[in-house]
Amino acid sequence: MANKQIRRKRGAVAEAKAAAAKLTPRDKKTMGSIVGLADGVVSAAEKRKDPFVDIPSRTLANVRYSPRKRIIEMGNSTNRRQLFDLSQAKAYMQTMLVASGCKRLLNQGKTTSLRGLFYMLKHTIDGTKENTFDDQDQCDPVIEDIEVLLNTLREELHLYASNRGTLVGPITLVDSGDTIDCSRMGSGGYNIPSIVEPDVMQFVKCDAKFILHVEKDTVWRRFNEDKFWRKHNCLLTHGMGQPPRGVRRLLNRLHNELQLPIYCLLDNDPWGYYIYSVIKQGSINLAFESQRMAIPDVRYLGLRSKDFERCQLSDGVKIALNETDRKRAKQIAGYPWFAKKRDWQREIEKMLKNDFKLEVESLISKDISYVTEEYVPARLADQDWLD
Amino acid sequence: MAVKRSKKVRNRASQTRTRKGPARARRATRADVEPSKNGDAVAESAESVDGAGDVESNGAVAAAPRRRATAQSMAAKQRDISVSEFFAKNRHLLGFDNPRKALLTTVKEAVDNSLDACEEAGILPEIWVHIEATGNDRYKVGVQDNGPGILKKQIPLIFGKLLYGSKFHRLRQSRGQQGIGISAAGMYGVQTTGKPVKILSKVSIKKPAHYYEIQIDTKKNQPQILNGRGEGVDIPPSQKGKEYVEKHGIEWVHQPHGTRVTIELQAKFVRGRGSVDEYLEQTAIANPHVALHYVDPDGNPRDYPRSADRLPEEPKEIKPHPYGVELGRLITLLHDAPNSTVAQFLTTTFSRVTSHVARKICNTAKISTRASTRRIGRKEADSLYQAIQATKISSPATDCISPIGEELILKGLHHVVPGEFYAAATRPPAVYRGNPFQIEVGIAYGGQAAMQYVTKELLRELIEETDARTIRQFFIHTFNGLGNEAADRIIKESQLATRQSPSSLKPKEIERLLTAMKDVNVSEGQTMEVLRYANRVPLQFSPASCAITQSVIGTNWRSYHLSQSRGALPKGPVTVMVHVASVWVPFTSESKEAIASYPEIQKELRLALQAVGRKLGMYVRRRRKVKQQSDRRQVFLRYLGEVATAVSDINGRDRAALYDQLISVAKKRTADADVKLDDRGRPIEDADLELGENVLIVDPMEAPATINRAPAAVEETE
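In order, the protein sequences belong to chains A and B.
Last residue of the first sequence: number 387 in my numbering, and the count goes up by one each step with no gaps.
Last residue of the second sequence: number 718 in my numbering, and the count goes up by one each step with no gaps.
Just chain B, with the same shape it has in the complex (with noise of 0.2 Å):
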């Protein structure tokens, strides 16, 4: 047997070799003819750039290669690179590869430096965000909070200089780490537009508001102020004050402080995946806290209201844990701390290292305790490093991650993702590679159901409130989680054409519509969603290279009564949400889009999204058998008015006493439609208290996310 099968696999690999071979060779002799076709246009070229005045020399190509360029020639040219002039040219890198990413780019930094900010002051965070076109592929973004404030002469600094922030150099949960976000999508829109960005900041309601334009000076990475003769603009609090914000056009919703920044930018809007709109839905979700007010470019206004009424934890700044810390950054730690031990050293330094601590690495290293860091040398530094490595240290506290926690989880997903079950599960905090981090999962199910329920009436209410062309369009944009496919298929169902307009629906065509809705199974061929969140910020691209996204196709949620197939996402009416609180997230590539797989996170991963499932298998089991048993039902009380009659017909009894009796039978036996069984069968009292807690069971049509109203009402206000 193990004979054949080499052979076979020998046999195999000649196959292949040989089918490469012709093809391997075909192309080397396109590489040998094409050059040769066009050689003389690509060597003219060449010539043309580097050797301007020579042409004579054109001829003598076959002779000694002559310098191009001396050392000294080189060195004119050679000089600091400034950030920002690298961030202008590789924007790529922050996230502003196409205008459509540009624009999703810029909200998000606003909106995330607004609830770092309002979280880190103790204050409810409460956003607008509006977003204007201006024509040309332009459009004006401007994010407002009720934050505490910027100090006057930090404004153009924030916001008009790359690299300068207060997050980056402490070990702390926030949102934004580097302090590049919202000044790069600054420099975006100056480069784009060429119109500077306004920033109008108010401290309190007594104080005057600052207001700056602002565009950053590239070559310097230095802040510009345009108005008030390179000064910015005081606005007094006063009565005045307002008629000067009105009288030039600034855009400010009264507020007592808070601070609002406006850039205009060439970008793209759309909607669906990667859209802004996901976007500020996602973030309502991981920060139940926070209010935001949403004005997209067609102006329809859309609210996200606050669902919890407290701040979440403050996080706290931790000092680095010795596993975290790599040799190099070990020896500018050493170069930092000039006047002190070593021992001294390592213990004011790291978080968990003790006296007794610091003597054991000391004694690894073969260092005295007492050796001032100013002696310390590479050569002592790395074998510092070797000993830390060597050395046992318990584990960072983890105290210093704020998780959302269960109870939010679950009124935010419940608020914006339409469901009737939700589930929510907290790890304890766990460490990678020194940092503490922790992993939160909430699970909502069974979104599309609402459908089923909508009445007549209803139906034509929403019918005549939409603004939808299409009835298509109609579907996806009033019930929420409906897709494309689904909407198809109800279309179909009700013979009705694709691109009919909703207004123009006839009362039987309605009618045709209502039944088909009824029947068509919005859930098949429906996909789980996947929310991915690090630091309560929405990841939305790049799902396939993420941890998240494995850990979720990892999962086994066949054992969970949901259809998977091999290394694919569960089908399903089910979205999934995955928080990845941490002091340092650790991401894939500089513009955040994925989680790195270390495999203590992924193993946390696995824990926290089997807990969910776990208690998502036990509800979507009762629910089937509750289900089962009212089919039967169904199906008894179809036959027992026939019965009724004929039997009646026959012996002359009361036909309808006989069919109260025949009901009531009928109930009783099938009683189980009516009680909460338990996974064995067998029923019991309260059904939550056998999910545990943090499980939350509504009635589909009552989620607040089902049906999406159209907004003629606010509209009319306005």
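Extracted from the complex, chain A is given alone in its bound form (with noise of 0.2 Å):
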């Protein structure tokens, strides 16, 4: 207990040294509105009011498709988070600790992890046996919904997510202040940050003409060791599945500033169908932020339902479809973004016709680089693609 007290004492003493580091614009608005935050719960108390936070809710239902920009935008639907309400309060305390925690930040000019955040915040409640998060899975929501509460961008409150994503081509860029020739990676490729704002990271030259975005590690690799992109001049990214918003922003910017065309190569499944969903028209989490990461106009281009027939491939590689797999499946062919799409909906319901789903990897059984010598090739030639 005195323990407790003298470390947070400390706390107070290392938050009064780092309150010297200098707040840049950006960062004083992020500061006004957490402080907005704190004092709308000492001006509810004063009332004997209950303190409670009104949080644009992030569900399938407050989502809008927007025909016209073709990307999906936040409603407006709200969900009220009350301290003195049984099934909230935990998750009040949760959202005012964060916010402390990104005060804490921005005051000492520093940046942390998601998962830095979760310990920073970590601790026994006092004469309980309770921890205020028990794992990053419950930190990891309450940040987002500090992020459309106070309508900030995770990197504006200090924030990153862990890196997952790589770029390869033929593209030179400024990163933190270190100029970086994407063509000359080696095996590894640039790791994409988290954070690839203007502010630090910018674009020097670029002579790809397309950009391949593919889905997973494996078949990134065997398209950096066939050289794919210097024999078609792109750049080659992959995000881990589905892509974290760093390599999100970073493909809007290159395709935005740069006018690079993007294509995607994922796997025929309702998984590989969301990750282009979400790259072309944002996520329904985060579709307050599918302004500056969606792209409209990326395209599909593979794996497609008909390929098992097109490309002969042998029965081995048919992935039988799931009770879930079907249900997603038919969820994502009613999302209105797929809804209208004739072609989309033929090749789901091919899909589900087939009973089965094809990986990318499944072309290795043809041969080791059909992938990159022939199908991407082909495609790309036909302009077989869906939109």
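Calculated directly from the structure, the hints in this document are not laboratory data.
Note that the structure is a prediction, hence the values are computed from the model and not measured.
For each residue, glycine too, the CB sits at the ideal point set by N, CA and C.
Just to be clear, a hint being listed does not mean it is correct.
Computed, partial: chain A to chain B, Cβ under 7 Å [to be verified]:
| no. | residue |
| --- | --- |
| 1 | 34 |
| 2 | 38 |
| 3 | 39 |
| 4 | 41 |
| 5 | 42 |
| 6 | 84 |
| 7 | 85 |
| 8 | 86 |
| 9 | 89 |
| 10 | 91 |
| 11 | 96 |
| 12 | 97 |
| 13 | 100 |
| 14 | 125 |
| 15 | 128 |
| 16 | 150 |
Distance condition first, Cα-Cα at most 27 Å in a straight line; then the derived DSS-like pairs of lysine-lysine [claimed, not checked]:
| no. | chain 1 | residue 1 | chain 2 | residue 2 |
| --- | --- | --- | --- | --- |
| 17 | B | 667 | A | 129 |
| 18 | A | 340 | A | 350 |
| 19 | A | 49 | B | 668 |
| 20 | B | 571 | A | 129 |
| 21 | B | 667 | A | 49 |
| 22 | A | 90 | B | 627 |
| 23 | B | 625 | A | 90 |
| 24 | A | 129 | B | 506 |
| 25 | B | 667 | B | 627 |
Ranges between beta-carbon positions, derived for each pair [said to hold, decoys possible]:
| no. | chain 1 | residue 1 | chain 2 | residue 2 | range |
| --- | --- | --- | --- | --- | --- |
| 26 | B | 512 | A | 162 | 37 to 47 Å |
| 27 | B | 512 | A | 291 | 57 to 67 Å |
| 28 | B | 274 | A | 82 | 56 to 66 Å |
| 29 | B | 664 | A | 163 | 45 to 55 Å |
| 30 | A | 33 | B | 563 | 47 to 57 Å |
Each of the two chains sits in its own frame; use the hints to bring them together as a complex.
Laid out in structure tokens, this is it:
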């Protein structure tokens, strides 16, 4: 107990020292909204009212597809989170904790990972055996809540996600002041950071004509080893499955600033479809960021449901659909941004009729470099893709 | 459908038949085989018993059966059986089936007699019960009262003659009925140990006390006085008398008047169900006007102080109601009243028979109202009996019953059974078979809650005081109402060894024990305890065949928020006491262990149980609601500190002020936890008003019976 108090005091001293860190104008704006949040609690308490926060809800019900902008936008509905509600009391407490953690980061002028913030805030509640957060899965959604609540971006809260996703190709960029030539990255490629905003990353020179985004690391390595990007003069990226925000933001910037068309090579299953949908229209969860993340012009190159016959694959590569897959596929087919595209409806129908899914790796069964030497070049040449 | 089912039934029937078939066959063959196997031996032994003289005739078994005895020789053996001989042989009929029960029955008969005597005399009873082990499975039981005492010439008859007493011939609510009990106990003692029954009785402070040592002559059913050359001893009331008492080792607690009986008998002392301890405790509940001083064979004294200073109403003696009289009894009664007319006979012998009713009965029976009772033969008596049953006669007066009363039930229960909620209900009197009776029910709820409030200091003190050998024993003996199962769960939770001695506990282990006591839900898996009484006497045996238990099980306790499986007693920390008071309690057997299920009695039982059940239900529901609210508050309070810290970290406001403000909001939000609500959730000013009268709600820690303090301190003074 006493120890904890001392620790807390020490923390306060460190804060006082770090408070000297200079706030950028953006930080000042963020700080203002955090303090506003705290002031709301104080004024509610002074009036003997229940403190609450209205968090824009991040559900399918609260997103709207804008056919004009061709992106998912967040609606106006909010979820009220009250301190004096049995089921929400803990979440409310966590929300305030995350806010105070971000405030400390801003004050000290430092950034930390999501996991770092989780450890910063995790402790035992006084007089109980309960933790403020039990694991990171409890912390991450609360951070997203704070983002939407304060209408700030994660970067503005001085938080970043772990790096996931790689880039290679004829482009030179500056990342935190270091100039990097992405065509000379060896076999590993350039690790796409979580924060790729213009103040951190600038593009110097780019010779690429388009971007090929693949789903996973294995496929990306195949393309890199075969120097597909050199042959076809393109950028090659992957996002380890569902691409993190850094990758999506970078793709968005490359597309918008350098006018590079983007083609996706993803698995032929509901998850592949959804990755495509997220890159194209934005995700339901982060609909508030669609504006700077979504790339409505992205194209779906493959794999297609018809590829089993078209490429004459062997039976061994089929993976049977399970119940969740079927349900998910139908759900995706019902999304408004897919509903009116007949090609997509046919595509999903065909997969359901096949009753199996195909991974990109299945093409390796034909030949180890079939995908890089025949499949993708042929699709590109035929302009055979889905929009 | 119907066809199908009948087919199925037939199938099943045939199945059982086939299943039974071979078994029966097997049994039959075994029966066939066995006699043939040792048939010779059986025949031989049979012969050696009845045909002592003629060994030679053994060979001629196949010949015509020989008369073994003649009518004459048999007549020589036919004679009177004395009551005492009969009961000496059949002592199980009186509750002396085994040594354990013998001890209980002896104490019970003596205490019941004492209570009846005190109450009849109008004295507030004070009873001393001493049980002392004398070795060889023998115990000396001494029971003394402060009653009116017994006249010198009556003492030997009361204690040394079976079926001698004042209570058999009258219709009046009393504990004893037949006049067998105490003399049978004395007889059992003499038979098993050879020691006489010792009686000391004193009528007043000025008169001499009479001291007798008696044993019963079972052949004649007559007392034999052993001391004072067959005359007993008179002890003068002076100092000299006191010295005499002390010199001769006569046990006597000095009192101006009263009686003490000491019986030594072969017995077994046990604790728990069906024990003397249990009997005395239950007696204390139903008789709050009694002060009991009890010393068990281990020398531990236990006192049940009086919780009411008023004697119960004196029950009135009533005349029998005509509906309750059988033909045989009617004939006897007619015979006993030779010099009156039938109409006179009816009006004077029975209650509720006016001359108008008597005339009606006579008309129906076609007998003249003026006919002499001497003229009434068996046939006329029968038609008179039929006429009585056919005539409408109002129910007997019910003021002859003296119930315990709701207030005293509450007091008694609260004194002995730990709990936080008590309720009682007394039904108006009712009638079965012409006998008035009355049902009373009391309920105690929430016994073990006290476990949860024990402080560390108190626990340490209790552990120091106890002389229990294991922790398990310590728990069971210290905390009333805590069962074996619950004690085991606490010990398991605290990770201590079951057989560990409480004195060797380390401070850390005591702490673990304390947390376990708080965490374990001891009321889980506990079933309702049912205390049964007939005329204030606890019934400790044969619960299953008793109308009371059946009614308790038959009541739907689920609607009163107790969990209950079908056909079982409800679960939870609940004790129910049920008292059946009547001028004649219908026992199922002579041993007075269970009450017969007359529909009238069952109905009254049900209504009384429902009355207390409703009150309990309201209490439990409210308590649950309040508890939910306070749980809610706990959840909020847990997080408020964190919220206040985070907010003051952000905007630099005063954390303490904010925290206090948040706390006050939390209190406002969960204000229900402080407000007593009625069953519709509206706040009310006085909760007790809503529950009606005769409800007692206490802080469980203040219930006197919650924790048994070890008697260490008392022992020192003795």
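*Going by Cβ atoms only, is residue 96/A closer than 7 Å to chain B?*
holds, 4 Å
*Verify the proposed pairing of residue 90/A with residue 627/B, using a straight-line Cα cut of 27 Å.*
Between residue 90/A and residue 627/B the Cα gap is close to 20 Å, so the pair holds against 27 Å.
*Cβ separation of residue 274/B and residue 82/A, checked against the hinted range 56 to 66 Å*: This hint holds: roughly 58 Å between Cβ atoms.
*Restraint outcome when residue 39/A is required to lie within 7 Å of chain B by C-beta distance*: holds, 6 Å
*With a cut-off of 7 Å on the beta carbons, see whether residue 34/A makes it to chain B.*
holds, 6 Å
*Between residue 667/B and residue 49/A, is the straight-line Cα distance small enough, at 27 Å or below?*
holds, 12 Å
*For the hint on residue 128/A, does the least C-beta distance to chain B fall short of 7 Å?*
holds, 6 Å
*For the pair supplied as a hint, residue 571/B and residue 129/A, is the alpha-carbon distance within the 27 Å limit?*
violated, 32 Å
*Would you check whether residue 42/A satisfies its interface hint, that is, whether its CB is within less than 7 Å of any CB in chain B?*
It holds, given that the least Cβ distance between residue 42/A and chain B is near 5 Å, below 7 Å.
*Given residue 97/A was flagged as interface, is its beta-carbon under 7 Å from a beta-carbon of chain B?*
holds, 5 Å
*Starting from the range 37 to 47 Å, see whether the pair residue 512/B and residue 162/A falls in it by beta-carbon distance.*
holds, 43 Å
*asked:* Min Cβ distance, residue 85/A to chain B: is it shorter than 7 Å?
replied: Result: violated, 9 Å to nearest chain B Cβ.
Checked against the numbered hints above, the structure breaks hints 7, 10, 16 and 20 and satisfies the rest.
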